[in-house]
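Please take these sequences and the hints and turn them into a complete structure.
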Amino acid sequence: MKIKLTTILLFTLLFSIKSNAQLFPTLGGQRAGISTLQFLKIGIGGRATAMGDAFIAVADDASALYWNPAGLVFAKQNEVMFSHNAWVADISQEFVGTFYKFSESDVIGLSLSSLHMENMKVTDEFNPLGNGQYFGFGDIAFTVSYSRKMTEQFSVGASIRYVEETLDRLKMRGVLIDIGTLYWTGLGSTRFAVAITNFGNEIAPDGEVTLWGGRTNSDWQAFSPPTMFRIGFAFEPWQTEQNRITTSIQLNHPNDNSENVSLGGEYSYNNIVQLRAGYKINVDEQGLTAGAGVKLPLGIGNVSVDYGYASFSRLGSTHRFSIILGLY
1 MKIKLTTILL
11 FTLLFSIKSN
21 AQLFPTLGGQ
31 RAGISTLQFL
41 KIGIGGRATA
51 MGDAFIAVAD
61 DASALYWNPA
71 GLVFAKQNEV
81 MFSHNAWVAD
91 ISQEFVGTFY
101 KFSESDVIGL
111 SLSSLHMENM
121 KVTDEFNPLG
131 NGQYFGFGDI
141 AFTVSYSRKM
151 TEQFSVGASI
161 RYVEETLDRL
171 KMRGVLIDIG
181 TLYWTGLGST
191 RFAVAITNFG
201 NEIAPDGEVT
211 LWGGRTNSDW
221 QAFSPPTMFR
231 IGFAFEPWQT
241 EQNRITTSIQ
251 LNHPNDNSEN
261 VSLGGEYSYN
271 NIVQLRAGYK
281 INVDEQGLTA
291 GAGVKLPLGI
301 GNVSVDYGYA
311 SFSRLGSTHR
321 FSIILGLY
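By the count of this note's numbering, the sequence shown reaches residue 328 at its end, each step adding exactly one.
It should be emphasised that the hints constitute simulated quantities derived from the structure, not laboratory data.
Only a predicted model underlies this, so the values are computations on that prediction, with no experimental measurement involved.
Glycine included, C-beta positions come from ideal geometry on N, C-alpha and C.
Wrong hints could be hidden among the right ones.
As the list claims (entries may be wrong) - Derived DMTMM-like pairs (lysine to aspartate or glutamate); straight-line CA-CA distance at most 20 angstroms:
(1) 295 - 241
(2) 149 - 104
(3) 41 - 241
(4) 121 - 90
(5) 101 - 60
Said to hold, decoys possible - Label pairs and their in silico Cβ distance ranges:
(6) 168 - 245: 42 to 52 angstroms
(7) 267 - 134: 42 to 52 angstroms
(8) 131 - 102: 49 to 59 angstroms
(9) 88 - 298: 30 to 40 angstroms
(10) 259 - 312: 17 to 27 angstroms
Here's what the structure looks like:
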């Protein structure tokens, strides 16, 4: 009866989202472009992508290093994760992360992510097709995470992240923090999560550039990092020894755009084969996501291979591949 009540409440919320447009006022769109380090908003992992990024209440593997560090402590084993994202405009994103459970209630993790692309031509007023020179652009983030189980049902997690962005001769550096919580309500498998990511001071570039006519400029405006506040809810409406369906809904509040909602679902057969789909509401360019995964046993643990597809209405599609090695 409790699970049925939870299901009714979930669908009531979804109906309210569809029927009441005022829940997502367009006023938030006027905040677009006020934050920097946009690469931090690109999610990692094929599983999360396929579920529409509705993942902070689901993440209980190495991908929690990015989504919600509080979920690390509920992982069943130590893990190493590798992820590759073929992003739009020939941009690529890489992620590697690992965590170690040094007790039943304490976990520490490390992760490194980067965004890179080929060098681009330098253009000016008289050489719109390039003046023979090239410049590079890239981002990197190194993160240390800690998760602790406060009770059997409640955990907290935090991350400290060093970020660096390079644009030709300019560099932008900063330190940001993530804070997350995860609570298993005791009503079946329902859980509730809250996470704040990329919180920190405004960041300005360092460096000097030479402008047309020999003038130079080294004074740059500071911008806020892309802070995101998320609330997530997940549960299994159907679960047997061989079959499991996981559903998730997540409200996202970015500091540089309108609020939006992510929906995700996953079907798992015998904990080996998974099929996933998701949808994003009130997100420009984005909508449907899908993907699949397989989990195979190894002598010392298991390996999970996941793929996630996301479509953009004008920019094309993106493909994320990830591998998680679990070690007993």
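Outcome of the hint check:
Between residue 295 and residue 241 the alpha-carbon distance is near 16 angstroms, which keeps this suggested pair within the 20 angstroms criterion. Between residue 149 and residue 104 the alpha-carbon distance is near 8 angstroms, which keeps this suggested pair within the 20 angstroms criterion. Restraint check: the Cα-Cα separation between residue 41 and residue 241 comes to about 36 angstroms, which exceeds 20 angstroms; the hinted pair is violated. Straight-line distance between C-alpha atoms of residue 121 and residue 90 comes to about 15 angstroms, which keeps the hinted pair within the 20 angstroms bound.
Between residue 101 and residue 60 the CA atoms are separated by roughly 13 angstroms; this keeps the pair inside 20 angstroms, and the hint holds. The supplied range of 42 to 52 angstroms is met by residue 168 and residue 245, whose beta-carbon atoms lie about 49 angstroms from each other. Range check, residue 267 to residue 134: Cβ separation about 47 angstroms, and the 42 to 52 angstroms hint holds. The hint said 49 to 59 angstroms for the Cβ distance between residue 131 and residue 102, and at roughly 55 angstroms that hint holds.
Restraint check, residue 88 to residue 298: a C-beta distance of roughly 34 angstroms satisfies the suggested window 30 to 40 angstroms. Judged by the Cβ atoms, the range 17 to 27 angstroms given for residue 259 and residue 312 holds: they are separated by roughly 20 angstroms.
Checked against the numbered hints given earlier, the structure breaks only hint 3 and satisfies all the rest.
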